[in-house]
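Each protein sequence line maps, in turn, to chains A and B. Everything in the first sequence is counted per numbering that gives the first Met the number 0, starting at 0 for the first residue and increasing by one. Everything in the second sequence is counted per numbering that gives the first Met the number 0, starting at 0 for the first residue and increasing by one.
By construction, these hints were calculated from the structure, which means they are not laboratory data. Among the clues, some could well be false.
The list makes no distinction among identical chains, and a pair is therefore deemed to hold if it is satisfied within one copy or across any two copies.
Quick list of in silico lysine-lysine cross-link-like pairs, BS3-like style, CA-CA up to 30 angstroms [unchecked claim]:
(1) K132 x K80
(2) K56 x K124
(3) K302 x K106
(4) K108 x K132
(5) K211 x K29
None of the values given here were measured: they were computed from a predicted structure.
There are 2 protein chains.
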Amino acid sequence: MQKRYTVAIDLGGTNAKIALIKDEKEILSKEVFSTKDYQGREVLIKQITESVNSLLKDKKVKKTQVKALGIGVPGPVDFEKGVIYQLTNVKGWRDVPLKRILSGKLKLKVYIDNDVNLIALGEYKHGAGKGTKNMICLTLGTGVGGGLILDGRLYRGSNFTAGEVGHIPVNLQGPKCNCGGRGCLERYVGNYYLVERAKELIKGKPNSEILKLAGGRLSKISPEIIDRASKAGDKLALGIWQETGRYIGVALAGLVNVFNPERIVIGGGVALAGEVLFASIRKTVSLRAMEAPARKVKIVPAKLGDEAGLLGASILAAENS
Amino acid sequence: MQKRYTVAIDLGGTNAKIALIKDEKEILSKEVFSTKDYQGREVLIKQITESVNSLLKDKKVKKTQVKALGIGVPGPVDFEKGVIYQLTNVKGWRDVPLKRILSGKLKLKVYIDNDVNLIALGEYKHGAGKGTKNMICLTLGTGVGGGLILDGRLYRGSNFTAGEVGHIPVNLQGPKCNCGGRGCLERYVGNYYLVERAKELIKGKPNSEILKLAGGRLSKISPEIIDRASKAGDKLALGIWQETGRYIGVALAGLVNVFNPERIVIGGGVALAGEVLFASIRKTVSLRAMEAPARKVKIVPAKLGDEAGLLGASILAAENS
Numbered sequence: 000m001q002k003r004y005t006v007a008i009d010l011g012g013t014n015a016k017i018a019l020i021k022d023e024k025e026i027l028s029k030e031v032f033s034t035k036d037y038q039g040r041e042v043l044i045k046q047i048t049e050s051v052n053s054l055l056k057d058k059k060v061k062k063t064q065v066k067a068l069g070i071g072v073p074g075p076v077d078f079e080k081g082v083i084y085q086l087t088n089v090k091g092w093r094d095v096p097l098k099r100i101l102s103g104k105l106k107l108k109v110y111i112d113n114d115v116n117l118i119a120l121g122e123y124k125h126g127a128g129k130g131t132k133n134m135i136c137l138t139l140g141t142g143v144g145g146g147l148i149l150d151g152r153l154y155r156g157s158n159f160t161a162g163e164v165g166h167i168p169v170n171l172q173g174p175k176c177n178c179g180g181r182g183c184l185e186r187y188v189g190n191y192y193l194v195e196r197a198k199e200l201i202k203g204k205p206n207s208e209i210l211k212l213a214g215g216r217l218s219k220i221s222p223e224i225i226d227r228a229s230k231a232g233d234k235l236a237l238g239i240w241q242e243t244g245r246y247i248g249v250a251l252a253g254l255v256n257v258f259n260p261e262r263i264v265i266g267g268g269v270a271l272a273g274e275v276l277f278a279s280i281r282k283t284v285s286l287r288a289m290e291a292p293a294r295k296v297k298i299v300p301a302k303l304g305d306e307a308g309l310l311g312a313s314i315l316a317a318e319n320s
Numbered sequence: 000m001q002k003r004y005t006v007a008i009d010l011g012g013t014n015a016k017i018a019l020i021k022d023e024k025e026i027l028s029k030e031v032f033s034t035k036d037y038q039g040r041e042v043l044i045k046q047i048t049e050s051v052n053s054l055l056k057d058k059k060v061k062k063t064q065v066k067a068l069g070i071g072v073p074g075p076v077d078f079e080k081g082v083i084y085q086l087t088n089v090k091g092w093r094d095v096p097l098k099r100i101l102s103g104k105l106k107l108k109v110y111i112d113n114d115v116n117l118i119a120l121g122e123y124k125h126g127a128g129k130g131t132k133n134m135i136c137l138t139l140g141t142g143v144g145g146g147l148i149l150d151g152r153l154y155r156g157s158n159f160t161a162g163e164v165g166h167i168p169v170n171l172q173g174p175k176c177n178c179g180g181r182g183c184l185e186r187y188v189g190n191y192y193l194v195e196r197a198k199e200l201i202k203g204k205p206n207s208e209i210l211k212l213a214g215g216r217l218s219k220i221s222p223e224i225i226d227r228a229s230k231a232g233d234k235l236a237l238g239i240w241q242e243t244g245r246y247i248g249v250a251l252a253g254l255v256n257v258f259n260p261e262r263i264v265i266g267g268g269v270a271l272a273g274e275v276l277f278a279s280i281r282k283t284v285s286l287r288a289m290e291a292p293a294r295k296v297k298i299v300p301a302k303l304g305d306e307a308g309l310l311g312a313s314i315l316a317a318e319n320s
């Protein structure tokens, strides 16, 4: 019997998405449930097991027709052993051998990887990185994540932590970063720091569009609010995206010189700022990177949105099974 | 007949080394000649051809026993086509199809690559990178070069320019670099800038050890002089290496976070500064890189010295033939 199905899980700090996927591309059915309310991993594992079984049952797919199950998680993973070292924003997940646990319960092959690696894999096969051999994927959000496709394969590094693009120092004397370093990219363009920067810039400007859209409350300012203000033509908000683009561009100039990639794919909430941000990134890279690799690379928005992680998990499952 | 021989050429701006090598390791004979006096590439190509033929004749090795010829050159190369785009410090080498020219004249298979890529390959197979899967090689000299071994293979990038570690920005508002960027690593630790820094620091210090070793002449100061001063215990010279190590360490912290390599191998003239430089690099990386990849990586001096490029060229020839 030909196996054409995979089960894909995108396990996040807010919710988990579980999908049954055909040919690593077609999402046949999907279930989403909150992970916030769970008090521990036992309950979550039980919920995952039940969901997978019911998705298969609903679509009348037998386990013998399933190649494997792929899971993306927000944190470092030992890909070979299938052990989660820890999860960002989810408690109780230190050194959990999830591969062994789930394959035992579900009688399926299980593969686990970092979520941004799987977003990179998804965009590479079906999205904005299609047709390339060397691609860097960036996700801009609370943190700045990265995934590397090099010579056509996901590059994981020596203990599976490669791709931490957010922790490239762009300013050797810059402010302390959570990672222990200084002046890291994330320290300038992570959500929290973007918002802090906006607050600083609107000080003494009670008529600022950003403040208006936040209902006059500083605490309500978010990247989405800055985005809305910039789309309404607010100069200060536009300036924030331009500045953000310059920081990202400086880090990418280094990556362009070192990796000589064909494409850089940028996703995540902040990427929704769109052309004003991308124009600034592209301009900075073209000014600062070396000529030959700068001419070669295209810097583009991600295409698959929320589904990149699920499709990447499906590809991971299929490639390894 | 078993082919056990390769011919390796390390073509530099100062001289060319040509060697006959057995099993990609044993240098049977070697010839070195200056490339400075040559007025054009025709003469140099003729000299190479004659040298290769005479090396083979002397050792009674037939061309049918030679796997291939590998060449490393100081500049960007189209590895697949075997075309040299241009050479650093050697005139008359723009867009030269050296692979076609030499394979026609010598009736041998010919492979050409960037010299630092071949140093990386040499150190990876026989030197300080032996036994690893992911390794970064740095060469510290007039320029700062780099070669990447990722998942056990030389990574060349999309148009063969990958590895430009010297042009990672470490300071987004730093001084202009020759490459067009700003605040690049090379702009702080390339030979010229090291010497400028030394001159700046010894201003108003007529008794400085560096100045003494330079015979009182600022124009005689070189990285070698700084090295001799530091080895004689001169604090100012020691301080220059510590500062140099901090710049290198900041750039490497970014690479450690992005590549998660097992080993970083550092060679080139400046690396001879030894422990004072390496201690500063290691300390900076351990302070600034993320914990898991920082614990994994070992930062070590290159082992093969001048022979790394020849051995790398031999490996290149053998791997592709």
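Hint check results:
1. For the identical chains of this complex, K132 and K80 are neighbours both inside a copy (27 angstroms) and across copies (18 angstroms), given an alpha-carbon limit of 30 angstroms.
2. For the homomeric pair K56 and K124, the shortest alpha-carbon distance inside one copy (28 angstroms) is at most 30 angstroms, but the shortest distance between copies (52 angstroms) is not.
3. For a Cα distance limit of 30 angstroms, the shortest separation of K302 from K106 qualifies neither inside one copy, at 33 angstroms, nor across copies, at 50 angstroms.
4. Proximity of K108 and K132 under a CA criterion of 30 angstroms is satisfied in both settings, with 28 angstroms inside one chain copy and 27 angstroms between copies.
5. Taking CA atoms no more than 30 angstroms apart as the test, K211 paired with K29 passes in neither setting, with 38 angstroms inside one copy and 76 angstroms between copies.
Comparing the model with each numbered hint stated earlier shows that hints 3, 5 do not hold.
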